[in-house]
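Heads up: the sequence lines are chains C and D, in that order.
Per our numbering, the first sequence starts with residue 1, numbered consecutively.
Per our numbering, the second sequence starts with residue 269, numbered consecutively.
None of these hints come from the bench; they were simulated from the model.
Each residue gets a CB set at the ideal place from its N, CA and C atoms; glycine is no exception.
Take the hints with a grain of salt, since some may be wrong.
Stated by the list, open to error - Partial selection, computed: residues in chain D whose CB lies under 8 angstroms from chain C: (1) 338; (2) 342; (3) 391; (4) 392; (5) 394; (6) 396; (7) 399; (8) 403; (9) 405; (10) 418.
To be verified - Not the full set, but computed from the structure, chain C residues with beta-carbon under 7 angstroms of chain D: (11) 83; (12) 108; (13) 110; (14) 229.
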Amino acid sequence: MPDNNLIEIQNVSFSYDQRPILKKINLVVPRGKVVAIMGGSGCGKTTLLRLIGGQLKSSGGSVKVDGEAVETLNNDQLIRMRRKMGMLFQHGALFTDLSVYENIAFQMREHTNLEEEIIHDLVMMKLHAVGLQGASQLMPSELSGGMARRVALARAIALDPMLIMYDEPFAGLDPISLSVVGELIRKLNDALGATSIVVTHDVQESLKIVDYIYMVSEGVVVAEGTADAIRSSEMPFVHQFVWGEADGPVPFHYPSRDYADTLLGRIQ
Amino acid sequence: MKAIVLLGHHVNDRLIRLGYITRFLIQILLQSGTCLLRPRLVLREIYFIGVQSLIIILVSGMFIGLVLGLQMYDTLQRFGSGEGVGTVVALALVRELGPVLSALLFASRAGTAVTAEIGLMKATEQLSAMEMMAIEPIARVIAPRFWAGIISLPLLTSMFNVMGITGGYLVAVPLLGVDEGIFWSNMQSSVDFSNDVLNGAIKSVVFAVAVILIAVFEGYNSPPTAEGVSNSTTRAVVTSSLSILALDFVLTAFMFRGI
Chain C
1 MPDNNLIEIQ
11 NVSFSYDQRP
21 ILKKINLVVP
31 RGKVVAIMGG
41 SGCGKTTLLR
51 LIGGQLKSSG
61 GSVKVDGEAV
71 ETLNNDQLIR
81 MRRKMGMLFQ
91 HGALFTDLSV
101 YENIAFQMRE
111 HTNLEEEIIH
121 DLVMMKLHAV
131 GLQGASQLMP
141 SELSGGMARR
151 VALARAIALD
161 PMLIMYDEPF
171 AGLDPISLSV
181 VGELIRKLND
191 ALGATSIVVT
201 HDVQESLKIV
211 DYIYMVSEGV
221 VVAEGTADAI
231 RSSEMPFVHQ
241 FVWGEADGPV
251 PFHYPSRDYA
261 DTLLGRIQ
Chain D
269 MKAIVLLGHH
279 VNDRLIRLGY
289 ITRFLIQILL
299 QSGTCLLRPR
309 LVLREIYFIG
319 VQSLIIILVS
329 GMFIGLVLGL
339 QMYDTLQRFG
349 SGEGVGTVVA
359 LALVRELGPV
369 LSALLFASRA
379 GTAVTAEIGL
389 MKATEQLSAM
399 EMMAIEPIAR
409 VIAPRFWAGI
419 ISLPLLTSMF
429 NVMGITGGYL
439 VAVPLLGVDE
449 GIFWSNMQSS
459 VDFSNDVLNG
469 AIKSVVFAVA
479 VILIAVFEGY
489 NSPPTAEGVS
499 NSTTRAVVTS
509 SLSILALDFV
519 LTAFMFRGI
């Protein structure tokens, strides 16, 4: 049922210069769910998020968000659509010249005419939700990696978006912060009634919190299913990815000429 | 033959880049409405770009004036007209040295800071984050810096000139003994408002547009890596310095011909 899907990606292709990244990929994200897109580095996960956000345009196929084809929107329509989205970037992307408080108030000041008192209360509520109410006056340079990610999360939900996108939210976090961020993603999604897309290659943490998983490799979805289905999958790629095996369908060695020939000097 | 092909490619690349920068300027102008509606954004940047450049401009202006006073007095004295030192210092500063040197200092102090800041904002995905928040980075980040630069440089140039003339005065009158009345009256009668002061101000505005446009363009188009930001910053200062000198020649040729 299309109405149940907030995101519909149909036969989408995308290339950087001549290098194909996505090859007629298909996936849907149902409303209210937390969906993970997993895959190795450079498989096109972040590109998918940028296509959904309209920062990139696909070279074929269609990306529909809330029933609207993103590639057909003009600049004003795109801006209107982005107001319904929140995004957490890989390293937070906090504005380094603004305090934690101002970072979260930024969108409220830009897009609304709310009184300062209301902005204050809203910012404090968002910070409270991520457990950083006491850090409101700190600058981004004074935050640890985990705290910065939580502030970025609070900023992403500043205007209660219908869609929250997370680009590698677990990258570089210690185990405690990793758990905290993971739980927050799940709780905030449910509390706000939003839909979340988590792009990640952190298998164990994301399997704990997501409803559905797409595994992407070489520009297409190679496997999909619930966390349990992915865990028990016998597909060689999924097995290698979930259990972190060094060699398998994704080879350890970058394609090269014969090793013995190279050592014996027959190939330079 | 190969050299000609390479030269052709180089010229072609430059022209394409000129096209990009012109299109970027048009985008900035079209998205400057935010700056008019929210002048505090521009005021904030004037503080970072203009006020924080004040010290280097004032100190350099003073030293240039002191040196100019000494050199000019020495040269003029050979022709028995040492009292004309005030005129020469003022004309040299107002017409030429003030706008050019202030712009060069501004390019190296403020221009590089703007390029590096915008380049790093891009590298750390702050500009992408802004886009995803439905905020146009050109309207919110680029345009305020652009207008702040255009407002700041002419003001800094006028302060540079004042300091330079003060430096010339300090050398000529208390140190070398030129009569104070003659120093000022010669200067007043020789420096023309429209031919000298106004033309100097026009130069300064043109240099400001060139310097700040190059700075924001290089920052915005900087590759999002440490090396990319470093190269863009270097290119910004080199391109703006050469542009200042080239524009200075063109403007001088138009402004002061036949005088």
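Here's how the hints hold up against the structure:
no. : hint : result
1   : 338  : 43 angstroms, violated
2   : 342  : 49 angstroms, violated
3   : 391  : 10 angstroms, violated
4   : 392  : 6 angstroms, holds
5   : 394  : 5 angstroms, holds
6   : 396  : 7 angstroms, holds
7   : 399  : 6 angstroms, holds
8   : 403  : 5 angstroms, holds
9   : 405  : 11 angstroms, violated
10  : 418  : 21 angstroms, violated
11  : 83   : 5 angstroms, holds
12  : 108  : 10 angstroms, violated
13  : 110  : 5 angstroms, holds
14  : 229  : 31 angstroms, violated
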